[in-house]
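Protein sequence lines correspond, in order, to chains A and B. Letter by letter, the first sequence follows residues 159 to 395 in this note's numbering. Letter by letter, the second sequence follows residues 159 to 395 in this note's numbering.
Same chains, same names: a pair is fine if it fits in one copy or spans any two.
Simulated crosslink set (DSS-like; lysine-lysine; CA at most 25 angstroms straight-line):
1. Lys376 <-> Lys221
2. Lys302 <-> Lys208
3. Lys302 <-> Lys221
4. Lys221 <-> Lys246
5. Lys208 <-> Lys352
6. Lys289 <-> Lys302
7. Lys246 <-> Lys224
8. Lys208 <-> Lys221
9. Lys302 <-> Lys352
10. Lys224 <-> Lys208
Just so you know, the hints here were simulated from the structure itself, not pulled from any lab data.
Here are the chains, one letter per residue:
2 protein chains.
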Amino acid sequence: MRYELYYWPSIQGRGEFVRLALEEAGADYVDVARLPQRGIVALMRFLEGKSDGRPPFAPPFLKAGKLMIAQTANILLWLAPRHGLVPKSEAARVWAHQLQLTVADWLVETHDAHHPIGGAFYYEDQKPESKRRAAHFTAERLPKFFGYVERVLGRERGGWLLGQTFSYVDISLFQMIAGLRYAFPRAMERLEPKYPRSVALHGRVASRPRIAAYLASKRRIAFNQHGIFRHYPELDT
Amino acid sequence: MRYELYYWPSIQGRGEFVRLALEEAGADYVDVARLPQRGIVALMRFLEGKSDGRPPFAPPFLKAGKLMIAQTANILLWLAPRHGLVPKSEAARVWAHQLQLTVADWLVETHDAHHPIGGAFYYEDQKPESKRRAAHFTAERLPKFFGYVERVLGRERGGWLLGQTFSYVDISLFQMIAGLRYAFPRAMERLEPKYPRSVALHGRVASRPRIAAYLASKRRIAFNQHGIFRHYPELDT
Numbered sequence: 159m160r161y162e163l164y165y166w167p168s169i170q171g172r173g174e175f176v177r178l179a180l181e182e183a184g185a186d187y188v189d190v191a192r193l194p195q196r197g198i199v200a201l202m203r204f205l206e207g208k209s210d211g212r213p214p215f216a217p218p219f220l221k222a223g224k225l226m227i228a229q230t231a232n233i234l235l236w237l238a239p240r241h242g243l244v245p246k247s248e249a250a251r252v253w254a255h256q257l258q259l260t261v262a263d264w265l266v267e268t269h270d271a272h273h274p275i276g277g278a279f280y281y282e283d284q285k286p287e288s289k290r291r292a293a294h295f296t297a298e299r300l301p302k303f304f305g306y307v308e309r310v311l312g313r314e315r316g317g318w319l320l321g322q323t324f325s326y327v328d329i330s331l332f333q334m335i336a337g338l339r340y341a342f343p344r345a346m347e348r349l350e351p352k353y354p355r356s357v358a359l360h361g362r363v364a365s366r367p368r369i370a371a372y373l374a375s376k377r378r379i380a381f382n383q384h385g386i387f388r389h390y391p392e393l394d395t
Numbered sequence: 159m160r161y162e163l164y165y166w167p168s169i170q171g172r173g174e175f176v177r178l179a180l181e182e183a184g185a186d187y188v189d190v191a192r193l194p195q196r197g198i199v200a201l202m203r204f205l206e207g208k209s210d211g212r213p214p215f216a217p218p219f220l221k222a223g224k225l226m227i228a229q230t231a232n233i234l235l236w237l238a239p240r241h242g243l244v245p246k247s248e249a250a251r252v253w254a255h256q257l258q259l260t261v262a263d264w265l266v267e268t269h270d271a272h273h274p275i276g277g278a279f280y281y282e283d284q285k286p287e288s289k290r291r292a293a294h295f296t297a298e299r300l301p302k303f304f305g306y307v308e309r310v311l312g313r314e315r316g317g318w319l320l321g322q323t324f325s326y327v328d329i330s331l332f333q334m335i336a337g338l339r340y341a342f343p344r345a346m347e348r349l350e351p352k353y354p355r356s357v358a359l360h361g362r363v364a365s366r367p368r369i370a371a372y373l374a375s376k377r378r379i380a381f382n383q384h385g386i387f388r389h390y391p392e393l394d395t
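Extracted from the complex, chain A is given alone in its bound form (with noise of 0.2 angstroms):
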């Protein structure tokens, strides 16, 4: 099966986790806001109710044959364990999500940092609460996730958040270290020799045959400031 991904064109933001696990499980799959002849149009008629099927209320969505999928984390719930990537037992599976949702928000106070006050507004209005909230973020909440991922990844040899299995929660963490070092690189300087378990599963993903040939390809793109990890050195201290 093709599968159809839709997710916005310039960014890797949440549609990266997707993507990733995509590359990993060798999926054939169309990143369909990024084809020239269809793009960010064919995106926003679905976030327009113009569609028939269930209305997605925020990119990604995956569309896999009749079903249309939203939700970064319920994506790779549903994607996962038709390619390899979770194990078969439904407690591992229910562990795996759980991890991703943690993942997941995470990941919102990672975007929250540099827009504490709401999406709608320019970072540059909401500059003084940003550097409120991203001192109390790389001060406290860094060190609470890492501090967690690094003791889940203490539990059992392997060195996966699964133990000996490798899952797409792991693929996931990958990103947000990739992504948190791009952000915050003299926070993450300063962090990592204290998680070096985090740190050596980052280099084990990005290593991985796919991953290493997709993040050296034209599909990956690179971190930018319009995306959910953004480069402020006045954020960064």
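Let chain A serve as the given structure and place chain B on it in line with the hints.
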């Protein structure tokens, strides 16, 4: 099976979405942190990683036999098919979970209206920021979320989010509306006439026998100024 729910004992918060589903299901459960003989200590044990199992990042979490499940939407995803709170088809479950995750996003934004800088600071220490964020929340975000659920409710006859079939997502939308009425009574008075299907759904859920009995019982904690939904008149203009 007797479930054990772990959540903060003095607020509705995220735990309330699980409590309501358990009540509607007539499930056998104990609200562990509210038991005099166990209480908050039992909850903290898990958060501090002093248990053997897979550690939750935050409450609520549900012990179901050997499984320990965290993340509200993940708990509901697991519980609902076991208690007839979602149709059996995969398409319906994916759709219900997608809607629940959208409610979860809405809930984060509701919380952040009074805590835009971070949960670690008192409201009093982020009042000007809260005023800006709450104004944006009531003027832009509430209409966006309500417009979306109203559109979903208008897709099919039946009056429930899934159409003809009542599901756990209807309970969650009921709780959102109940909480928003407490937190933003003036904004809601202005908005509600525009979203009659949502308002009708709230009433229908509230009058379901088990939900009505629960709401009238001492098990239902009153909304208060420590939860996610808080009433600050200066944020409700």
